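Starting from the known structure of chain A, arrange chain B on it as the hints suggest.
Number of protein chains: 2
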Amino acid sequence: MASNKKRVWLFHEGNAKLRDLLGGKGANLAEMTNIGLPVPPGFTITTEVCNEYLKGGKKLPAGLVDEVNKALAYVEKQMGKKLGDPRNPLLVSVRSGAKFSMPGMMDTILNLGLNDQTAQTIIEATGNERFVWDGYRRFVMMFSDVVLGVEKEEFEHIFTQMKKRLGAKLDTDVDAANMKKLTVLFKSHLKKRLGREFPSDAVEQLQLSICAVFNSWDNDRAKEYRKKEKISEDLGTAVNVQTMVFGNMGADSGTGVAFTRNPATGENAMFGEYLMNAQGEDVVAGVRTPVDINELAKQNPEIYKQFEEVCKILEDHYREVQDIEFTIEKGRLFILQCRSGKRTGPAAVKIAVDLVKEKRITREEAILRVPAEQLEQCLHPRLKDRPKEKVIAKGMNAGPGAAVGMIVLDSATSARRGKAGAGEKVLLVRRQTNPDDLKGMLSSQGVLTAEGGRTSHAALVARQFGIPTICGCAEISIDEKNRTMTTRSGAVLHEGDWITIDGTEGIVYTGKLATEPPTISGEFKEFMTWADKYRRLKVRTNADTPEQAAEALNWGAQGIGLCRTEHMFLGDRLPKVQKLILADSDGERKKALDHLLPLQRGDFIGIFKTMGELPVTIRLIDPPMHEFLIDIEQKTREDVMVLRLTKPGSKVLDQKEKLLQKIEEHHESNPMLGLRGCRLSIVFPQIVEMQIAAIIGAACQVKKTGGNPQVEIMIPLVGIVTELRLLKEQLDMVAQATMKAEGVKVTYSFGTMIEVPRAALTAAEIAQEAAFFSFGTNDLTQLTYGISRDDAGRFLPIYIDKKILPEDPTESIDRSGVGKLMKICVDDARAVNPKIKLGICGEHGGDPRSVVFCHQIGLDYVSCSPRRVPVARLAAAQANLESTFERDK
Amino acid sequence: MASNKKRVWLFHEGNAKLRDLLGGKGANLAEMTNIGLPVPPGFTITTEVCNEYLKGGKKLPAGLVDEVNKALAYVEKQMGKKLGDPRNPLLVSVRSGAKFSMPGMMDTILNLGLNDQTAQTIIEATGNERFVWDGYRRFVMMFSDVVLGVEKEEFEHIFTQMKKRLGAKLDTDVDAANMKKLTVLFKSHLKKRLGREFPSDAVEQLQLSICAVFNSWDNDRAKEYRKKEKISEDLGTAVNVQTMVFGNMGADSGTGVAFTRNPATGENAMFGEYLMNAQGEDVVAGVRTPVDINELAKQNPEIYKQFEEVCKILEDHYREVQDIEFTIEKGRLFILQCRSGKRTGPAAVKIAVDLVKEKRITREEAILRVPAEQLEQCLHPRLKDRPKEKVIAKGMNAGPGAAVGMIVLDSATSARRGKAGAGEKVLLVRRQTNPDDLKGMLSSQGVLTAEGGRTSHAALVARQFGIPTICGCAEISIDEKNRTMTTRSGAVLHEGDWITIDGTEGIVYTGKLATEPPTISGEFKEFMTWADKYRRLKVRTNADTPEQAAEALNWGAQGIGLCRTEHMFLGDRLPKVQKLILADSDGERKKALDHLLPLQRGDFIGIFKTMGELPVTIRLIDPPMHEFLIDIEQKTREDVMVLRLTKPGSKVLDQKEKLLQKIEEHHESNPMLGLRGCRLSIVFPQIVEMQIAAIIGAACQVKKTGGNPQVEIMIPLVGIVTELRLLKEQLDMVAQATMKAEGVKVTYSFGTMIEVPRAALTAAEIAQEAAFFSFGTNDLTQLTYGISRDDAGRFLPIYIDKKILPEDPTESIDRSGVGKLMKICVDDARAVNPKIKLGICGEHGGDPRSVVFCHQIGLDYVSCSPRRVPVARLAAAQANLESTFERDK
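Residue numbers (the working numbering), protein chains in the order written: chain A, 20 to 908; chain B, 20 to 908.
So here's chain A without its partners, still in its complex pose (with noise of 0.2 Å):
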């Protein structure tokens, strides 16, 4: 079935807005052409190829080829040469390039259109026979390895050998005669592999190629990458295919790769580097050290200012930093790619502060070019002190911000053992990483490699995570087989040892040090400024101690949207709770409860006191009583199994097997379901009556010495109005009786969290009894799929596997389900209420897209952990500008 739409684009017919066609690298390609850049010619299969190719049993849609062609054979008219013609031979790279950038992800092929003939064709045209046979091998282990799937470590391995028996150290070393007895010999083992000759048809190295870019969208470390980059999975990749330009063609050649800004700092400085004689994998893959991209003004001053003027024209034209691959083929310069440059939260805020004060965008642009998720770097501890005894290496500081480790010399043990693993703190170190590193990376607290430089992979991936980095720091050496790393002074350190990275500085330390939170300052906190002019939504944060909820204050928090009070009945506590919770008479349970009374108003004192005016909303008691009771349980089942054995028949064993039965009466089948939250406050109003009692008290205390307390009293798990009108009235006369006691008059009034679907579905009736809303969306999410997390654990994996749900939905409001609720609830509330104060406190307040949809629905805040607070300003920001930024996914 053929398709009437056109599926292969010339560069010239092509420009930037067709990401989604032509992915990112073929749209700009595209664009570059048409302003006139040095683009060498080719052209770009789209995406959608791609999705029926993979749908229709990986076979490439009828007629393809048929287009394909035309379009080659346009290039090789504009460069007058023909792929696979023995006389006249055109070579051309295919690379992959979907909508959003996959840095080294997907597969790419150089150098196609090789093969002896052709080979013999350039070097008689070059003259330069060892660069040849170099690209010749480096195309058949690329091509084996890509299209064949025989692994490159083969390959590498042969090629290490023969640099053994020559005593060559580089590749350099390596001359002709030996490059082209390689490529004989790559090419034997590959038939010795497969039993099939390497393809010499240079049409067939085309179509075998096209397919295999297109079959590694669906390699494992791409899935795990859109995974956590919350990438669609129907997005496809374009292939582009290009004319080849060679930085491997002598002294006169080079490749690069830079940025137009500083991309880990946001530094308005040219952030790059470049190898001579070489080609472009070299320095993405990080394998040789580069050099930074100022050499170049020195070394070939003519060159560096032609790209100089091309980083300008290109940020004046995209108005904002570009990422920028580049060849110098025997002094000409080619450009042969263009993005937008990634970067770190920091850099991003930096940036855009910049470019709008450079007047090339607006204060709202600004705003909706900074990914809110990434804000949270802004906020990487920093170093408390920097003793300079304890530096052991210094290297180049490719992520900022502090982290504290201990020392892991591979990827699988970071993963195993790190935050997604046992979550422990582990640091990576590393000689250099690649893309199959990324789980590794992402599982430690900070990324070192000895090799490598500030734009190979380890440095882009910390930049665009945000992991702290020190990259290509050649004073130390790592041996992976004893396990060790080594510093230039010779000290040994352990796999397991602590160590410490300044990403900021690009300095090691031996140790644990102490870190600090940073501030928000300078740009940040202009930036911040503007994000808070663009937004409606108020931002509070969860807290449940005054040192939370001053951290919190520093971050921009406007007040607490849920304090949790079930920690003040744990630690030292928990006996005089558990005594509570058994008691067998009133007047036992009102001795505990005496007990716990002047503490807990302790607790609410010195948080009003750090939140000063602001709002601060409280939840009573939530959890079943037999959470507080796990360890008594456990203690009293073994004093009963040894009392049995040893004082059979006794009084003691009869009192423990009672006390045992009591606690065993606290039991349920569904604790999620069971006597909690308000059902509890109904059935013992004791423990609530003493929370209120303690909230009031404390706020009259404050406001006595000068402060004036805004207490917002949550009742929880409310699903009935009935709950509420009851427990509202009784907890009322609490309140009014410790005001009349203290003879101070405080602020406060009584909501509830909207965590039972019924409580949004009857909004209409509960919104007439309350003053608050607060959406509990982690038990209203669990509640609307009818999944407990708990028990999620053997089938939520498979559910994302299998694609049955694109992502958790803990992790981010599921609109067509839970969102739905909670738009019934919204209407029907303000209908009846207009007054109502509406939020959201479940950790989705705190993630950027559900923000979007908490703004969208009309919330009148949201509330989240501290260090989110930033990210849910900007989020709100960016919301109410009808972002444009949020990824259509």
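These are calculated hints, taken from the structure and not from any lab test. Just so it is clear, the structure is predicted and the values come from calculations on it, not from any experiment. There may be inaccurate statements among the hints.
[Said to hold, decoys possible] Derived DSS-like pairs (lysine-lysine); straight-line CA-CA distance at most 30 Å:
| id | chain 1 | residue 1 | chain 2 | residue 2 |
| --- | --- | --- | --- | --- |
| 1 | B | K609 | A | K822 |
| 2 | B | K822 | A | K856 |
| 3 | A | K242 | B | K747 |
| 4 | A | K822 | B | K681 |
| 5 | A | K666 | B | K654 |
| 6 | A | K747 | B | K74 |
| 7 | A | K747 | B | K77 |
| 8 | B | K654 | A | K681 |
| 9 | B | K677 | A | K654 |
| 10 | A | K747 | B | K822 |
| 11 | A | K821 | B | K759 |
| 12 | B | K822 | A | K854 |
| 13 | B | K77 | B | K249 |
| 14 | B | K842 | A | K854 |
| 15 | A | K842 | B | K856 |
| 16 | B | K821 | A | K747 |
| 17 | B | K249 | A | K747 |
| 18 | B | K666 | A | K654 |
| 19 | B | K854 | A | K822 |
| 20 | A | K438 | B | K681 |
| 21 | A | K821 | B | K610 |
| 22 | A | K677 | B | K654 |
| 23 | B | K242 | A | K747 |
| 24 | A | K246 | B | K747 |
| 25 | B | K747 | A | K74 |
| 26 | A | K821 | B | K681 |
| 27 | A | K74 | B | K759 |
| 28 | B | K822 | A | K609 |
| 29 | B | K654 | A | K654 |
| 30 | B | K681 | A | K654 |
| 31 | A | K842 | B | K842 |
| 32 | A | K654 | A | K670 |
| 33 | A | K856 | B | K821 |
| 34 | B | K438 | A | K681 |
[What the hints assert, rightly or not] Reference listing, derived: stretches of chain A covered by chain B, where coverage requires no fewer than 3 residues with Cβ under 8 Å from a Cβ of chain B:
| id | segment |
| --- | --- |
| 35 | 678-689 |
| 36 | 693-706 |
| 37 | 735-741 |
| 38 | 769-779 |
| 39 | 801-811 |
| 40 | 828-840 |
All C-beta atoms in this analysis are idealised placements derived from N, C-alpha and C, irrespective of residue type, glycine included.
Showing chain B alone in chain A's frame:
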């Protein structure tokens, strides 16, 4: 705060339509007054006053007393007498009267206005000293009991003592002098108990009595009754103050109660009883066994004729069976009350059909006249045989149907051991019953009383709640002390012995007799045929076996709406299922499945054969795996404990420990929210694949032998459209393969149960993949409320008690929450898939109010347990007739 509303209504000012305001009794007294029947004059205080009184701290609203006095003055003028006037005293009764009749639940005061002076005046006027003192002592007793809280029993004890002393057997054996003495004794007893005099001021008596009647709305037995009858707590009772007429003024006086038709069977013949020289309470309370109403024709033909005429007028006027209280005072007939006659289910059906045939009501009216809930009574089992040698007594057939149970001699025991308690089959045997026995009666299979007639309390309750009952069985005597029941022949039965009663015939048998289900025939059949013509909803049944399916077909089921397959994994198949769950390899798993497949196919063949071409909805396996492992877990745990002691370190211990660990891996924190339903099928598809092979294989087999099964396969617990899509694709392949192997095509479709809130919210997506939806309102209710039935026991009763919930939402659909969700689901599903079949298979499918709701939101069918099928059929018809029957609770 005085209300502007009319709060006190003279009888002639009201009418039958004012039931809300005047209560049923008041409204009918007004109506009868206006149609010219001989009603003693009086007035009614409205139900609104009751609510105002109860909410306002039990104080009569300001101004009310004036209004009462005004109405009283009118009555006094009409009667030419005055309340409390020592020379010409008026006596009145003060009675309760709510919107819905609550017989015997609230309080009544008779003979009000008596004191030493007025008594003397009436003696002089009537010359009947005994009558006056009898009335006076009754008044003192009633007033003390109802108004002052000194229990009636204390006074009856005094009377009994006196009778013993006098050697009197009956009350009538006590002469005037002793009645006077008794009055004095009563008053001094009261003074001793309360330290206050009996109030002699008639106006004070009246006011206190009005308050007492209002208070009685809130007594425990009234509350219990309303809970059972689902009568709203907010209605309140009216108070009727009415001129006394006396049935105890001698041989030419009397009192009685009669139905215009037989309320037990529906037969068109006057049905009732009377007592000469008695007050009404003697008949109602069943203290003296009264005389059949037909005797009156002989005893006093003129009055009988008059009364017959009244019956005719009233039945004509109301076009409905009437329950009439009358009094004959010195040969003059007075009508004291009329109301719709409460009747049994079978009687309701017969009367409705007869009234249609008499052309007094339409078929539509007939349909609306029979409470659907009562229809299950038509399905009471009947005795299979009636062995004469086992007959031990005969009595009055007060409540039709056969009942088999163990004798219990008091209501507390019945409640504890019966239906609502330990679930044993008990049969309550009492001398007579009173309102306090209600709970015990409802807990027993049937009721047998030694005293009391067809209109006694026991008979009334029996008819209303459809309890097989025999009354006035004078052939037995009960010894509560020795816990025995003795028959006339001298046989002694002990509490706990089994007896059988046939309430239709009035015969008591010894032992457990076999019963059989009835058939639908005669008027019942005709009535159901009419009902079926008026309904739009189809009625299916929930049946898991061919036997259940056959029973439901007998009751008119139009298909199976829910066939659960869980039971097919139990019994002697359980060990195989356990092997399947705990299998270590695919081989072991397959072996276990191969064992189960033919067994399951057999189950389905039986069901398909029974159901013919009617649709059969089969739900695939649903419960969490751990439910199948409970017994093996217990056993293995014990084995491990023993082996640890006897064979520590042995291989067998090791194996058992591993097995235990494997079983424990199936534990979940919240199994309701865990790995079950379709989640299980996605993670372990083998089980459902086997089920599909069995279902489709069975259908093919049946088709080959001439059948044509209509198979609907229901995938449970879907909350995400992709769950359904994935499983449908996967299972469809199995179905196709099975049909191919069998060489037959059968009709089948896939659908889902809507039981997770998200399924309802995203119906627009899910409906595109489903041929049908069936609301699983059990789980849907639990998830919408966030309440698990298993755990609700610790708070739901308190919720009902505190009126946080009007009733358990698992009984009748919660319209504002769960119902709203259902409505959203229906509308969204139909919008995208107009052909989708929509039904309900939760327990609500057999609840008449829920059926009405299902009709209103446009479902296609309801499915319920076999015995609820006729109930649902009628409810569906009533819903379609825009039921005016449905009570506005």
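Structure-based check of all given hints:
1. Note on B:K609 and A:K822: the hinted pairing holds, with a Cα-Cα distance of about 27 Å set against a maximum of 30 Å.
2. A distance of roughly 28 Å separates the Cα atoms of B:K822 and A:K856; the hinted pair therefore holds under the 30 Å criterion.
3. The suggested pairing of A:K242 with B:K747 holds, with an alpha-carbon distance near 26 Å, which does not exceed 30 Å.
4. A distance of roughly 28 Å separates the Cα atoms of A:K822 and B:K681; the hinted pair therefore holds under the 30 Å criterion.
5. A threshold of 30 Å between alpha carbons decides the hint, and for A:K666 with B:K654 the separation of about 27 Å falls inside it, so the pair holds.
6. A hinted pair counts as satisfied when its Cα atoms are at most 30 Å apart, and A:K747 with B:K74 qualifies at roughly 19 Å.
7. A C-alpha spacing of about 24 Å is found between A:K747 and B:K77, which places the hinted pair at or below 30 Å, so the restraint holds.
8. Restraint check: the Cα-Cα separation between B:K654 and A:K681 comes to about 25 Å, which is no more than 30 Å; the hinted pair holds.
9. Of the supplied pair hints, the one linking B:K677 and A:K654 holds, its CA atoms being roughly 25 Å apart against a limit of 30 Å.
10. Simply put, A:K747 and B:K822 have alpha-carbon atoms about 15 Å apart, close enough for the 30 Å limit, and the pair holds.
11. Between A:K821 and B:K759 the alpha-carbon distance is near 28 Å, which keeps this suggested pair within the 30 Å criterion.
12. A C-alpha spacing of about 28 Å is found between B:K822 and A:K854, which places the hinted pair at or below 30 Å, so the restraint holds.
13. For the suggested pair B:K77 and B:K249, the alpha carbons sit about 25 Å apart, so the restraint of at most 30 Å is met.
14. Of the pairs offered as hints, the one joining B:K842 and A:K854 holds, with about 28 Å between alpha carbons and a cut-off of 30 Å not exceeded.
15. The straight-line distance between the Cα atoms of A:K842 and B:K856 is roughly 28 Å, inside the 30 Å bound, and the hint therefore holds.
16. For the hint pairing B:K821 with A:K747, the CA-to-CA distance comes to about 14 Å; that is within 30 Å, so the pair holds.
17. At most 30 Å may separate the alpha-carbon atoms for a hinted pair to count; B:K249 and A:K747 meet this at roughly 27 Å.
18. Of the supplied pair hints, the one linking B:K666 and A:K654 holds, its CA atoms being roughly 27 Å apart against a limit of 30 Å.
19. For the proposed pair B:K854 and A:K822, the alpha carbon gap of about 28 Å is at most 30 Å, so the pair holds.
20. Between A:K438 and B:K681, the direct Cα distance comes to roughly 28 Å. Compliance with the 30 Å bound is thereby established for this hinted pair.
21. The suggested pairing of A:K821 with B:K610 holds, with an alpha-carbon distance near 27 Å, which does not exceed 30 Å.
22. Between the alpha carbons of A:K677 and B:K654 the distance comes to roughly 25 Å, so the proposed pair stays at or under 30 Å and holds.
23. Restraint check: the Cα-Cα separation between B:K242 and A:K747 comes to about 26 Å, which is no more than 30 Å; the hinted pair holds.
24. Annotation: proposed proximity of A:K246 to B:K747 holds, straight-line Cα distance about 26 Å (limit 30 Å).
25. Note on B:K747 and A:K74: the hinted pairing holds, with a Cα-Cα distance of about 20 Å set against a maximum of 30 Å.
26. Of the supplied pair hints, the one linking A:K821 and B:K681 holds, its CA atoms being roughly 26 Å apart against a limit of 30 Å.
27. Taking the CA atoms of A:K74 and B:K759, the gap is near 28 Å; set against the 30 Å cutoff, the hint holds.
28. The suggested pairing of B:K822 with A:K609 holds, with an alpha-carbon distance near 27 Å, which does not exceed 30 Å.
29. At roughly 25 Å between alpha-carbon atoms, B:K654 and A:K654 fall within 30 Å of each other, so this suggested pair holds.
30. At most 30 Å may separate the alpha-carbon atoms for a hinted pair to count; B:K681 and A:K654 meet this at roughly 25 Å.
31. With a C-alpha separation of about 16 Å, the suggested pair A:K842 and B:K842 falls inside the 30 Å cut-off, and the hint holds.
32. Between A:K654 and A:K670 the CA atoms are separated by roughly 18 Å; this keeps the pair inside 30 Å, and the hint holds.
33. A C-alpha spacing of about 29 Å is found between A:K856 and B:K821, which places the hinted pair at or below 30 Å, so the restraint holds.
34. Between B:K438 and A:K681 the CA atoms are separated by roughly 28 Å; this keeps the pair inside 30 Å, and the hint holds.
35. Judged by the Cβ-Cβ criterion of 8 Å, the segment 678-689 of chain A is covered by chain B as claimed, because 3 of its residues qualify and three suffice.
36. Here's how the segment 693-706 of chain A fares: 5 of its residues keep a CB closer than 8 Å to some CB of chain B, so the rule of at least three is met and the hint holds.
37. Counting residues of the segment 735-741 of chain A whose beta-carbon sits less than 8 Å from any beta-carbon of chain B gives 4, enough to reach three: the coverage restraint holds.
38. Judged by the Cβ-Cβ criterion of 8 Å, the segment 769-779 of chain A is covered by chain B as claimed, because 4 of its residues qualify and three suffice.
39. Only when three residues or more bring their CB closer than 8 Å to a CB of chain B does the claim for the segment 801-811 of chain A stand; here the count is 10, and the claim holds.
40. Closer than 8 Å: that is the beta-carbon criterion, and the segment 828-840 of chain A has 6 residues meeting it against chain B, so the requirement of 3 holds.
The structure agrees with every numbered hint stated previously.
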